[in-house]
Amino acid sequence: MELSESVQRGLQSLADPSAFDQTSFPALVDVSFQSLLSSHGDPAVLDQPQLKQIDQILLKQSHAAAVTLILEAVKQNADKSTVSSCLEELTFSAERIEIFCGTYQRHKKELEHLLTSIGTQPPRVNDVSWRLQYHMKNGQLDKVNEPFYLISLNTETKGTPEDINFTCTVEQLQDLVGKLKDAAKSVEKASQM
Amino acid sequence: MLLVLSEDHKEHLSFLPKVDTAVVGEFGRIALEFLKKGTTPKIYEGAARKLCVPVEMVQHGVEGLMYLMTESSKHMISEVDFLDSVLVLGFVEELNQILLQLYLQHQSQIRSVLSLLPSNLPAYHNVEWRLDVQLASRSVRQQAIPMLSLRLLLMRGCDSCIDHSSRVLQTDPSTLLHLISTLEAALAAMKTSHTRRILRNIK
Numbered sequence: 001m002e003l004s005e006s007v008q009r010g011l012q013s014l015a016d017p018s019a020f021d022q023t024s025f026p027a028l029v030d031v032s033f034q035s036l037l038s039s040h041g042d043p044a045v046l047d048q049p050q051l052k053q054i055d056q057i058l059l060k061q062s063h064a065a066a067v068t069l070i071l072e073a074v075k076q077n078a079d080k081s082t083v084s085s086c087l088e089e090l091t092f093s094a095e096r097i098e099i100f101c102g103t104y105q106r107h108k109k110e111l112e113h114l115l116t117s118i119g120t121q122p123p124r125v126n127d128v129s130w131r132l133q134y135h136m137k138n139g140q141l142d143k144v145n146e147p148f149y150l151i152s153l154n155t156e157t158k159g160t161p162e163d164i165n166f167t168c169t170v171e172q173l174q175d176l177v178g179k180l181k182d183a184a185k186s187v188e189k190a191s192q193m
Numbered sequence: 001m002l003l004v005l006s007e008d009h010k011e012h013l014s015f016l017p018k019v020d021t022a023v024v025g026e027f028g029r030i031a032l033e034f035l036k037k038g039t040t041p042k043i044y045e046g047a048a049r050k051l052c053v054p055v056e057m058v059q060h061g062v063e064g065l066m067y068l069m070t071e072s073s074k075h076m077i078s079e080v081d082f083l084d085s086v087l088v089l090g091f092v093e094e095l096n097q098i099l100l101q102l103y104l105q106h107q108s109q110i111r112s113v114l115s116l117l118p119s120n121l122p123a124y125h126n127v128e129w130r131l132d133v134q135l136a137s138r139s140v141r142q143q144a145i146p147m148l149s150l151r152l153l154l155m156r157g158c159d160s161c162i163d164h165s166s167r168v169l170q171t172d173p174s175t176l177l178h179l180i181s182t183l184e185a186a187l188a189a190m191k192t193s194h195t196r197r198i199l200r201n202i203k
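Chains as they are written, first to last, in the numbering used here: chain W, 1 to 193; chain X, 1 to 203.
Treat the hints with caution; some may be incorrect.
Unchecked claim - If the Cβ cut is set under 8 Å, some of the chain X residues that face chain W in the computed set are:
no. : residue
1   : P41
2   : K74
3   : R111
4   : L117
5   : P122
6   : A123
7   : L131
8   : S137
9   : R138
10  : S139
11  : V140
12  : L187
13  : A189
14  : M190
15  : L199
Unchecked claim - For lysine-lysine, the following DSS-like pairs were computed, each having C-alpha atoms within a straight-line distance of at most 30 Å:
no. : chain 1 : residue 1 : chain 2 : residue 2
16  : W       : K137      : X       : K37
17  : X       : K18       : W       : K143
18  : W       : K185      : W       : K137
19  : W       : K137      : X       : K18
20  : W       : K143      : X       : K42
21  : X       : K203      : W       : K143
22  : X       : K10       : W       : K143
23  : W       : K137      : X       : K50
24  : X       : K74       : W       : K137
25  : X       : K191      : W       : K179
26  : X       : K191      : W       : K143
27  : W       : K185      : X       : K191
28  : W       : K143      : X       : K37
29  : W       : K181      : X       : K37
30  : X       : K191      : W       : K137
31  : W       : K137      : X       : K10
For the record, the hints were derived by calculation from the structure and aren't laboratory data. Keep in mind that this is a model prediction, so the values were computed, not measured. In this text, a Cβ means the ideal position worked out from N, Cα and C, and glycines have one as well.
Extracted from the complex, chain W is given alone in its bound form (with noise of 0.2 Å):
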């Protein structure tokens, strides 16, 4: 993994545990993940009582390199073993490569997740509501009497809900069944290859 300088002196300082000691290291290691997962940037993940002997900005540095080592490691989807070995070579003590790493493999799977969320998507389709309906008659014509049925598609975009609706005959709504089998079946033919 390649690490910038500012970031590889960040974690330098981690490691150095006359900077981090015993329990200001564990509950950085912590707020790192927790910037990422869970609180959104929040600046106040810093204000933590083990932290606060410690110098802002040295505290920021090394919380910052933190973060950086994480979403690079993710990124390069990196195990264990070469998480260690980088933290090895930054002169990190077995005991603090333990801690890091254990709390690096418990969060890898949605730190992941959160990763492959960033960038354009289009909209993903989550669901479908239909009815079906009688059309008998209208403004401008009687006796239609055609059943018909009235589809919507639950779609997400960022987050961003929005409905696709439509109408369809019953011969067009089996047009689309259809499809969408041939769809599945191509699906599934893939992933048995």
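Here the structure of chain W is known, so what remains is to put chain X in place on it, guided by the hints.
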């Protein structure tokens, strides 16, 4: 069912017996053309000049025919009812027959034009799909996420002004299976005895 023609409507159509039957046939053709593609006032002017009558007279005649055709098609009245309805106009038998032929020949076409009018929702046209596997992105390398990209083609509006739109969507394999089973349930609803009873009884 008989059509009830208003006094204005009768007056507008009263122009027809004054011209040759061939002209009535021509008016019928124009009326149907207008129903399909919209009106063009120039045609009224041309016809009025040839027949040496005011433009309004031609316009009323053609529009009266259009209205007669759409109303009869709307209610899908029978041959007998059509003839009985136009009886009040006091036309000669030959003219009535021309009107009836016009109605019978174009009824289904007029109904299909009319059926497109009230649909304000887009209608399904087609769907295209593609199976993709996302392999890597800026934020994560080494992924293998199967994805189904869909292009849903919808259309709305009538013959002359059909508005096609397409939406690109994505879904994952398990949601795809869920969509299929939900929509199959929708198709199955057509075959239930409840639905069949209603379709049979409301005719």
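Hint by hint, here is what the structure shows:
1. P41: violated, 23 Å
2. K74: holds, 5 Å
3. R111: Holds. Min distance 6 Å.
4. L117: Check passed: Cβ of L117 (chain X) comes within 5 Å of chain W, closer than 8 Å.
5. P122: holds, 5 Å
6. A123: The hint holds - A123 (chain X) has a Cβ within 8 Å of chain W, the shortest such distance being about 5 Å.
7. L131: holds, 6 Å
8. S137: holds, 5 Å
9. R138: Since chain W brings a Cβ to about 6 Å from R138 (chain X), closer than 8 Å, the hint holds.
10. S139: At 4 Å from the nearest chain W Cβ, S139 (chain X) passes the 8 Å test, so the hint holds.
11. V140: For V140 (chain X), the interface hint holds, since the closest Cβ of chain W sits about 4 Å away, which is under 8 Å.
12. L187: Holds, because the Cβ-Cβ distance from L187 (chain X) to chain W comes to roughly 6 Å (cut-off 8 Å).
13. A189: holds, 5 Å
14. M190: With Cβ-Cβ at 6 Å, under 8 Å, it holds.
15. L199: holds, 7 Å
16. W:K137 to X:K37: Judged against 30 Å, a Cα distance of about 23 Å means the pair holds.
17. X:K18 to W:K143: The given pair, whose Cα atoms are some 35 Å apart, is violated under the 30 Å limit.
18. W:K185 to W:K137: violated, 40 Å
19. W:K137 to X:K18: This hinted pair is violated, its Cα atoms lying about 37 Å apart.
20. W:K143 to X:K42: violated, 35 Å
21. X:K203 to W:K143: Cα-Cα ~7 Å, so holds.
22. X:K10 to W:K143: Distance of about 26 Å is within 30 Å: holds.
23. W:K137 to X:K50: violated, 41 Å
24. X:K74 to W:K137: holds, 9 Å
25. X:K191 to W:K179: Answer holds: K191 (chain X) to K179 (chain W) is near 21 Å, not above 30 Å.
26. X:K191 to W:K143: holds, 21 Å
27. W:K185 to X:K191: holds, 25 Å
28. W:K143 to X:K37: Between K143 (chain W) and K37 (chain X) the Cα gap is close to 24 Å, so the pair holds against 30 Å.
29. W:K181 to X:K37: Violated, at roughly 39 Å.
30. X:K191 to W:K137: holds, 22 Å
31. W:K137 to X:K10: holds, 27 Å
Hint check: violations occur at hints 1, 17, 18, 19, 20, 23, 29; the rest are consistent with the structure.
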